[in-house]
Structure formats: structure tokens, C-alpha cells
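J.: Chain by chain, the residues:
There are 2 protein chains.
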Amino acid sequence: MTPEEVRARASGPTAGLATGFAQANLIAVPADWAYDVLLFTQRNPKPCPVLDVTDAGDPRTVLAPGADLRTDLPRYRVWHDGVLTDEPTDVAALWRDDLVAFLIGCSFTFEGALTAAGVPLRHVEQGRNVSMYATDRECRPAGRVHGPMVVSMRWIPAAQVETAARVSGLMPAVHGAPVHAGDPAALGIADLAAPDFGDPVEAAEGDVPVFWACGVTPQAALMASRPPFAITHAPGHMFVTDVPDDEYRAG
Amino acid sequence: MTPEEVRARASGPTAGLATGFAQANLIAVPADWAYDVLLFTQRNPKPCPVLDVTDAGDPRTVLAPGADLRTDLPRYRVWHDGVLTDEPTDVAALWRDDLVAFLIGCSFTFEGALTAAGVPLRHVEQGRNVSMYATDRECRPAGRVHGPMVVSMRWIPAAQVETAARVSGLMPAVHGAPVHAGDPAALGIADLAAPDFGDPVEAAEGDVPVFWACGVTPQAALMASRPPFAITHAPGHMFVTDVPDDEYRAG
Chain A
1 MTPEEVRARA SGPTAGLATG FAQANLIAVP ADWAYDVLLF TQRNPKPCPV
51 LDVTDAGDPR TVLAPGADLR TDLPRYRVWH DGVLTDEPTD VAALWRDDLV
101 AFLIGCSFTF EGALTAAGVP LRHVEQGRNV SMYATDRECR PAGRVHGPMV
151 VSMRWIPAAQ VETAARVSGL MPAVHGAPVH AGDPAALGIA DLAAPDFGDP
201 VEAAEGDVPV FWACGVTPQA ALMASRPPFA ITHAPGHMFV TDVPDDEYRA
251 G
Chain B
1 MTPEEVRARA SGPTAGLATG FAQANLIAVP ADWAYDVLLF TQRNPKPCPV
51 LDVTDAGDPR TVLAPGADLR TDLPRYRVWH DGVLTDEPTD VAALWRDDLV
101 AFLIGCSFTF EGALTAAGVP LRHVEQGRNV SMYATDRECR PAGRVHGPMV
151 VSMRWIPAAQ VETAARVSGL MPAVHGAPVH AGDPAALGIA DLAAPDFGDP
201 VEAAEGDVPV FWACGVTPQA ALMASRPPFA ITHAPGHMFV TDVPDDEYRA
251 G
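Chains A and B are the protein sequences, given in the same order. Letter 21 of the first sequence, counting from 1, is numbered 21 in the working numbering, and no numbers are missing. Letter 116 of the second sequence, counting from 1, is numbered 116 in the working numbering, and no numbers are missing.
A portion of the hints provided could be inaccurate.
Claimed, not checked - Part of the chain B face toward chain A, derived, beta carbon under 10 angstroms: (1) 34; (2) 41; (3) 42; (4) 52.
Hints were generated in silico from the structure; no laboratory data involved. Where a beta carbon is used, it is the ideal one built from N, C-alpha and C, also for glycine.
Construct the complete structure from the given sequences, taking the supplied hints into account.
T.: Rendered as C-alpha cells:
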């Protein structure tokens with residue numbers, strides 16, 4: 001399927017669809033909150049790599065000129081005062097003239113590069129969502145926006161940890177190199193079998209847990225910072241852009 | 001000299017001082033303009049790579065925790081309604097509680113990497129400032145902030161253009177790979193001997209002009225967009241940070 005077809009037809013998670021095109025996290029907040037959110041992303045670029053910011057009220061993005069952000073994601077989340085109130089498949093009726101949308105890079109982009117480099121992805125093999133954890137590292141706050149860094153974890157064969165770090169490190173626009181490899185306690189994670197978001201994933205013999213800054217971080221910050229209103233994508237139901245993954249490779 | 005010594009003592013241009021530490025362009029605007037400036041930098045990351053944004057009124061930056069942005073640059077420029085009104089060596093008396101300071105990456109950082117890779121820098125050999133030109137490419141505007149992309153030009157031996165592109169491409173946080181090599185007319189530049197900023201620089205036999213997005217771009221946008229008040233560094237009189245250049249290398 002092309003990105004356009006996925007945007008028109010997909011009704012479930014977007015992992016593995018329109019392979020080779022970047023997918024993005026969506027966060028839309030009232031203009032009054034947009035500066036704090038934009039500054040939060042600037043101050044925390046590893047978990048919050050911004051691919052585009054729309055003009056207030058405009059549901060279009062340069063990442064996919066024909067798309068409509070109000071209808072072209074398979075599922076959304078609606079938040080009032082930091083509390084999840086609905087998970088609709090369309091937000092056209094909820095859109096407001098003062099909403100500013102942030103499109104934030106997604107690890108699906110560097111997973112394609114990992115696969116191309118021969119690094120196995122256990123969660124894909126096991127048909128599960130990647131495991132994600134809130135850490136004990138606070139992001140650098142910006143105005144009213146604050147929250148912990150969220151990481152995704154992938155089990156990587158010990159001999160390939162360096163390859164995984166190098167390949168993802170060349171994609172700083174989509175989370176870049178890992179923030180940590182090895183003992184999860186170093187990030188304040190007590191139990192890898194109990195992720196805060198996504199699914200638990202099983203290790204193979206000789207695998208090491210490797211942690212990357214995760215695009216769920218700004219959503220966790222929204223929950224902690226409680227803006228009066230926000231719209232985000234539903235987990236795994238991303239916005240599929242027209243931008244090839246390769247555009248986010250440095251050098 | 002250490003970065004701290006340069007900040008305390010330098011009274012002229014900072015090129016070649018505190019080698020190995022990143023230098024930054026300064027732009028401070030009233031909080032009312034900060035969102036437009038921040039969005040402009042997000043939308044134009046090649047010419048405007050943001051290294052830090054301060055809280056309103058705060059003259060300190062994480063890039064150099066002991067420094068004071070009001071006194072530690074060798075020379076400033078003061079702007080009213082887009083018009084240059086003064087070039088003082090200290091702006092402590094002009095600082096306002098609502099000023100937000102943007103520190104933007106500088107090509108001095110990738111020039112160190114070019115030199116290390118054996119690429120000659122003609123402007124350094126000739127003891128001149130690098131040549132800079134306003135192009136016919138408009139930046140993507142953000143609210144009230146708009147203006148042309150400004151580029152710096154370096155004469156590079158034809159056989160080393162690829163090396164220069166690869167080395168700078170690994171530093172996306174400080175302008176990254178060139179935007180163009182060869183015919184200046186492709187960027188709307190009529191005469192390389194008449195730069196809009198900096199000095200003319202002479203080519204050696206077999207040199208090709210190579211153009212990089214330039215940190216003077218946001219200053220040109222300020223001149224075009226006319227905020228009521230702004231403070232910037234004076235050309236070449238940069239803010240010297242405590243951050244090693246290597247921190248801005250990807251991978």
C-alpha cells in the first residue's frame with residue numbers, strides 16, 4: 001500500500017504498512033500551549049524529534065500535502081485536562097481553529113534501518129507492540145510542560161548492540177542512538193516484563209536490553225501537564241507521511 | 001584560552017579562540033515574538049540549528065552554566081523595529097524580563113571538522129571573514145517571521161568537495177551538508193566577489209564554490225520581520241560555549 005492508501009483505508013495499527021515511509025506521532029494542542037510544547041520538544045530532542053508543526057487551525061502538513069490530519073489517522077485519542085476521554089476514528093467535529101499540530105518522529109523509521117542492517121526485532125518476530133517504560137529521568141521542563149523521559153526497549157543480540165547503536169545514531173531526527181544498554185535499573189525500570197506502554201517482549205538467548213528515547217514521551221508529558229484540551233494519535237495508530245525514511249538519515 | 005577566559009576577556013572576533021568548543025549565534029527577542037522565532041527555526045533547521053532557548057528574562061544557558069549572556073559576548077547589536085541602533089560591548093542595562101534568547105549553531109564548529117579532514121579553508125588562510133550571501137530561496141515563514149536563506153561560501157578544491165560534504169553532513173546540528181556546490185546563479189547569487197555579509201575570498205586554481213546554510217539567516221529574518229526590539233551578537237563576535245564541537249557530531 002502507498003502512504004495515501006494507508007491514510008485512506010487503514011483501520012488498525014500502522015506498523016509494517018507503507019514500508020519505507022516515515023510514520024509520525026501526532027499531538028495537537030491549543031495555540032496558547034503551543035510555545036511550551038514546542039520549547040519542550042526543542043529542549044528534549046532525543047525523545048521529541050519534531051518533523052513538522054502546523055499553523056494554528058490548519059489540518060494540513062508539509063509531510064503529506066494531500067492529507068487531512070483530522071481524518072487520516074486510523075484512530076485518535078482525545079484528552080481533557082490530561083484525562084483520556086475518547087478514542088474516535090475521526091476528529092473533524094472536534095477540530096478547533098486554535099489547534100496547533102505537532103508531528104513527531106517515530107522509531108518505526110529507524111527499525112527499518114535496523115532490519116536492513118541485519119539486526120533482528122524480537123517484538124516484530126513475536127507479533128507484539130514494542131515495550132515502553134517511563135524512566136526516572138525527568139525531561140528538561142518548558143513552561144507548563146514537564147514529565148519523565150519514556151524509552152522503548154528492544155532485545156538485541158550482544159554482538160549486534162554496536163551495529164544497532166551506529167545505525168540508529170545516524171538518524172538523529174528519529175531518536176538517534178540508544179540512551180542506554182544493559183541494566184534497566186540504571187533508568188529506574190524495575191521490571192522489564194511489566195512495560196508502562198506496549199507489550200512485554202521475550203528475549204532470545206544472549207540478548208541485551210537496549211533503550212531508545214521514545215516518541216511517547218510528549219504524550220506522557222501531556223498527561224502530567226494537563227492542558228485543557230488535546231488530540232493525539234492512539235498508540236500504534238500513527239500518521240503515515242509521504243517522506244521516505246531515508247530522508248532522516250544523516251550524511 | 002578556555003571558553004571561560006574567552007568570555008571574560010575577548011574584545012574582538014572569536015574565530016580561532018577556544019578551539020574545539022562550539023560557538024553560537026545569539027538572538028534575543030521579547031516573549032511575544034518567541035513562538036514565531038522558535039517555529040521559524042524549527043521549520044528552517046539547516047540555517048537555524050537551535051542549540052538552546054532560555055526562559056524569559058533569564059540570562060543563563062545550559063551551554064555554559066557559569067556564563068552571563070548580557071556581558072560575555074565581545075560585542076552585541078541592538079535592534080529597534082528591525083533597524084540597527086547600537087553595537088555595545090555589554091547589554092546588561094538593556095536586558096528585559098521578557099527577553100527570550102536563542103543560541104544558534106555556527107559554522108566554526110564544522111570548520112574544525114573540515115580542517116581535521118585535511119580540507120583547506122581559504123578565508124582562514126587569507127585572514128578574512130567567510131563570504132555570506134542572501135539567496136533567492138525564501139525560508140519557510142512562521143507567523144510574522146520570514147526572510148531569505150543566507151548561505152556561507154567556501155572555496156573547496158574540486159577533489160575534496162565530496163569529503164567536505166560528508167564531514168559536514170555528519171554534523172546536522174550545525175548546518176549539516178552543503179545546500180549547493182557550483183554555479184552561484186542557482187541560488188540567485190550574481191557576484192561572488194560582492195558578498196552581502198563578511199569579506200570576499202579568493203579562490204585557488206581548481207577550487208569550486210560550495211554553499212552551506214548560514215546562521216546569519218535568522219538575523220536577516222529579524223531585519224525583514226521588524227520585531228519592536230531585539231539583541232543579537234555582532235558579526236563574528238560569537239558566544240563561546242562550554243560544549244565540545246564533537247558533541248554535535250552524529251553517530
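J.: List in ascending order the numbers of the hints, as given earlier, that are violated by the structure.
T.: Of the numbered hints given earlier, the structure breaks none, since each of them holds.
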